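Enquirer: These are the residues of each chain, in order.
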Amino acid sequence: VFSIKPQKVKKDRVNVPFHPPDPEPFTAKLSARAVEDIFADCYDFQKRELKLALNRGEVTVCFIDGLVSGSEVAEQVIRPITSRERLGCAKNQRRALELIARGGAYGHTANVRENINDVVSDLIRGYCAVIFDDIAAAVTFEVRTQEKRSIDEPKEEKSIKGSKDVFIEMLKTNTMLVRRHLPDPFLKFRSLTIGRRSKTTVTIVYIANMTNMLLVEELEKRISSIDIQAVTSAGDIEQYIADRPRCAFPQLLRTERPDRFCTNLLEGRVGLLVDGLPMGFLAPASFVQFMKMPEDNAYHFITASILTLLRYFAITVSLLLPAVYVAVAMYHQEMLPTRLMQTIIASKQAVPFPTAVEILSMLAAFELLQEAGLRLPDTVGKTVSIIGALIVGQSAVDAKVASPVVVIVVALAGIAGYTIPNQDLSAAVRIWRFAFVIAAVCGGFFPVMSLFCLLIYRLCSLDSFGVDYMYPFSQGGAVMILRALLKPPLYSEKLRWPDTGSVDRRKQR
Amino acid sequence: MKKQKITQAAKHMIFILLIPALLIFSAGCSRQQMVTYEVENFELIRTVAVDKVDGQIKLTASTGVGLEDEPGKIYYAFGSSIAEAMENLRRSYTIGEAFFAYTEHIVIGSEAVDCLETVLDVVARSIDLRLGINIYIVQSGTAEELVTLCQGSETTLSDMLTSVVREVSRIGRGYIYTCGDVMSSLAKYGYALITVIAPSQSEEVWEGAPEYDVQTLGFAVVSEGKILGCTDEGATTGVLILNDLPCMQTIALGDVTVQVTDIDCKISSDDFQTINVAVTAQAGVIEDSGGVSLTDEQVRSELERALGTKLLQQVRCSLLLSQQYGVDFCAIGPALEKHSPTKFRDIDWQEHFENAVFNISIRANIQRTYDVSDTLELKGDNR
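Sequences listed follow chains S and B, in order. Each residue of the first sequence is one higher than the one before, starting from 1 at the first, in our numbering. Each residue of the second sequence is one higher than the one before, starting from 1001 at the first, in our numbering.
Just chain B, same shape as in the assembly:
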């Protein structure tokens, strides 16, 4: 009986000791993770800008505006690698601990595009940085310049870029690529699209507003550490349509302005020589300054034709650009692979893509929504 009790107690003890041991080892605990910090010493870095100066990496870290409208801070550090520059940044400033876990945006200067893969490698390995961080390329100029230009007493580049992300999600048009997206695209297809940004003269007039604002300018096509080119406005929309990304655009068609509410793209091909791209768009009238009646079928079909022509231009523009660069950034290949995977495996897609003929068909449907003229007449009668 006593022996049994001892055995049972021993089993309990082993179990009790095993739990913490298992948790610690299976959770990948390391010494680095077990270091404690006091939060009051932190400087939350929200934007990291990477540039190349004389063969060295220059890191510019920007904090956002503080809770009580404390002005944001900018820190600089140099290093032979990004990790070294980050370490130097941490060491240089003894007042606060530079804390990178809250980094939301990484901006790469146009001259430092060849560092892209290194940046992504650092993001993937770091315990602080996450793959969900948004990544941008500055159109022409250094990232540091952009950070400095956008620094105001009550706003910073971090806040502006956060607004850009929020706006893209709110209006349902455009896409901000993250480090994870770029990394997976480079690994899978050898190219990636990255949002291009540039400073623009600010129109804000309130006190403390910065002189410059930030604007997005389409996507940069990056392959093998080089920027092959950038998409213009039309091609950018085409890329969004073909990649099945949010694309709620407003298009003016004479007296009527319509908003595309839903867009669907189907890509198919039997011989991979002629590729059929079928786009179906749903739109609604949001402004009518000419008293156009959508009940008139002829007027409606004319509007639909005009909308289709606009969309056709956008799609064609992006397809031509992608053929010009020799990079399938419109994701035609992956769509065809999904459609007929066995056939797709047997062909040299790159060769087919460069010589492919695109048969684009657009079907636009403008829904009859609120007929303002009728309502006005009704109101007149009542009076």
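Looking at chain S on its own, in the form it has when it is part of the complex:
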């Protein structure tokens, strides 16, 4: 009897056998019938049997409807191969195949395939296959549909003075964007395929005479070792190639902007583009990179330096402010000026909850609001944020559920968190903010400082592709630390940062 209820099996992971991915899952001889069998139950699979000119036999044109452009199949494939002028001289099917492959049809790419696995692989990538049953061979043409999302403005990394294009889900468009931003003949795109079922194409991007090839090899090795079903999200790449995937802090620089991607390539980093993901990844990534904005180069260096310092201040405020408030309010009350202490006392007089409950619940409410705002459509999301802020802020204060100081502290921490340029880093800070508050509740400043030391220790022990995560704070020296905290004028940045191990360190005269 068939049951959909899963069996309860102890030690599930041990009992399920491991099958390595099979590069050639289909063993049948190449024929239109065999291909049709593979795509049985696929309503979008289309085939058309055609007679070659001068009765030289029959061929079958197969393609996946929607993936390929119907008009291009008709114009570039079907019309030429049925034309007497083009294939009239072919005496047999072998000769006809050669003629088609060598220009008899107009497709800009033409691959001769004799293995059914190759044909299937091409078909699911938007190719059209012309199958010759008698000689068990096929020619495949790339006639992919051009339907894609337009190159929009960046949504996550807003651009004011920079370029306004953004990566999209099409790998070829993304490589085109990179090439357009960086027309260097030494710019290389090394292609790999991952995903047992998705067979996703990923491209390692680097500049040949500048990037440390050990980095390229290491990235290639890590990507090749990925064994997953399909690449559907950024996590499918990040979590498999990061050095410490259990750490909440991001270890790969992710960007949706081609200009930022290229700037980092020029710093000696290795890029990674994945078909289906509208973003590029960069390695190695250090904490300093996450605190930089793509716009920094566009601003005057004094403005950029002040903004960078402001960001470091903001991350500290976002991480520690609620914890400091809890520690001061519960354990170290003598630290505040008298008037401020009086204000806090006055604001907390009618609130029935202890400080710990008050701040943890407000932080949780803030996170809920943020999540609700993110998940809902833009228009509704904004409304939810405004109503939520009013309800959670003003109404909670009016109803004496929360004190105004707590609302201010939580809001300040939240707003400071928004200034962090990288969303992944911001998310990690949100998690640690809770940890710091809990530490403060447990014992004031001593646990907070202990946890802070642990966090610093943890970050200093991290590395990304062999580069210290906290470089240059961990071992860079005073000059490099200043370069990280302040933005030197572009004309004074003669050398690339040494952390990437670039073979050509000089950037300019």
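Derived from the structure by calculation, the hints contain no laboratory data. As the structure is a computational prediction, the values presented were derived from the model and not from experiment. For every residue, glycine included, the Cβ atom is placed at its ideal position computed from N, Cα and C. Hints are supplied without guarantee of correctness; some may be wrong.
[To be verified] In silico lysine to aspartate or glutamate, EDC-like type, Cα no more than 20 Å apart, as pairs:
{"hint": "1", "chain 1": "B", "residue 1": "K1005", "chain 2": "S", "residue 2": "D243"}
{"hint": "2", "chain 1": "B", "residue 1": "K1226", "chain 2": "B", "residue 2": "E1117"}
{"hint": "3", "chain 1": "B", "residue 1": "K1005", "chain 2": "S", "residue 2": "D463"}
{"hint": "4", "chain 1": "S", "residue 1": "K47", "chain 2": "S", "residue 2": "E157"}
{"hint": "5", "chain 1": "S", "residue 1": "K382", "chain 2": "S", "residue 2": "E367"}
{"hint": "6", "chain 1": "S", "residue 1": "K400", "chain 2": "B", "residue 2": "E1040"}
{"hint": "7", "chain 1": "B", "residue 1": "K1226", "chain 2": "B", "residue 2": "D1054"}
{"hint": "8", "chain 1": "B", "residue 1": "K1073", "chain 2": "B", "residue 2": "E1087"}
{"hint": "9", "chain 1": "B", "residue 1": "K1011", "chain 2": "S", "residue 2": "D463"}
{"hint": "10", "chain 1": "S", "residue 1": "K400", "chain 2": "B", "residue 2": "E1038"}
[As the list claims (entries may be wrong)] Stretch-level coverage of chain S by chain B, calculated; a stretch enters the list once three of its residues show a Cβ under 8 Å from a Cβ in chain B:
{"hint": "11", "stretch": "326-335"}
{"hint": "12", "stretch": "346-355"}
{"hint": "13", "stretch": "440-454"}
Keeping the supplied structure of chain S fixed, place chain B upon it in accordance with the hints.
Expert: Only chain B this time, still in chain S's reference frame:
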């Protein structure tokens, strides 16, 4: 390889455990510090008054006026020691937690001066009280009386004393000694100066104003738990000049009023019998009701002479008083010690000080500032 990994993980764990342990032990964490309080229960004590009644310590604690002009509160407690009285104060009032960390002023009644060292000991040991708390002695009467007299519906002694401190710092004249100053002076020299305060009839007429105000009356010279005496107005200024403390005073010299803007005092002696005190003062005219022209050298030198005479009186007054009490509160000894430390170590300074002859020289310089008469004439011409 596996063994190496385990060793590395063990090292990480040890390090992770060491950090909190080190922080806790090196920071001097104690159980007392790890107790949590909710701030809304606090009564912030801002002034502590200490008196002695029938051999017992009477503590009077005053809160300042609240943020929304809530009237200040006064709490009382008795105890055989100050710490006990503080504990009793905390226990007596169940509504709020008496919180001493915000204490800004300690006022000691004239009868409780012998408790001074005990008060300082409590301040030094307490985790709430700080050495930066200002300390005062009430001229005659109890500290509790002063607290009660100065209590209004919209102001308290705490607020008045805070205003006094702010004013001293603003006008740049006078000094309010803190517990730390007094403690270090007693430990080093065996005497200390403490600001003397007393209630005075208030001239304020607004609603809710207290009947009495607080005023400072110079310094009390305290040694071995006793008040040796107090400095009068002239001697107080002399003390400020000789101790190199802020002393921006306004002096009326006939038709002209000058303000001393900078004053420098140099003390030296070759034989410790005759001590040279050289005071240089800079002053500026701030009011001229007689049309005095400072461009006239003779007028100017006369004014400078008059100012010098005033300053000489102040310095002489404080030196005579210090010799009279037999206490070097003008800090002549420390100044000479700095000048010639080896010689100073070989003499009995107390004996020398009581018999010393002071050779005081004052050099006053009045700067020519704004000449009002010229300007008026200029304006007249223009018209």
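Enquirer: For every hint, state whether the structure bears it out.
Expert: Results of checking the hints against the structure:
no.	hint	verdict
1	K1005(B) - D243(S)	holds (15 Å)
2	K1226(B) - E1117(B)	holds (11 Å)
3	K1005(B) - D463(S)	holds (17 Å)
4	K47(S) - E157(S)	violated (45 Å)
5	K382(S) - E367(S)	holds (15 Å)
6	K400(S) - E1040(B)	holds (13 Å)
7	K1226(B) - D1054(B)	holds (18 Å)
8	K1073(B) - E1087(B)	holds (18 Å)
9	K1011(B) - D463(S)	holds (18 Å)
10	K400(S) - E1038(B)	holds (16 Å)
11	326-335	holds (count 5)
12	346-355	holds (count 6)
13	440-454	holds (count 8)
Against the hints set out earlier in the document, a violation occurs for number 4 only.
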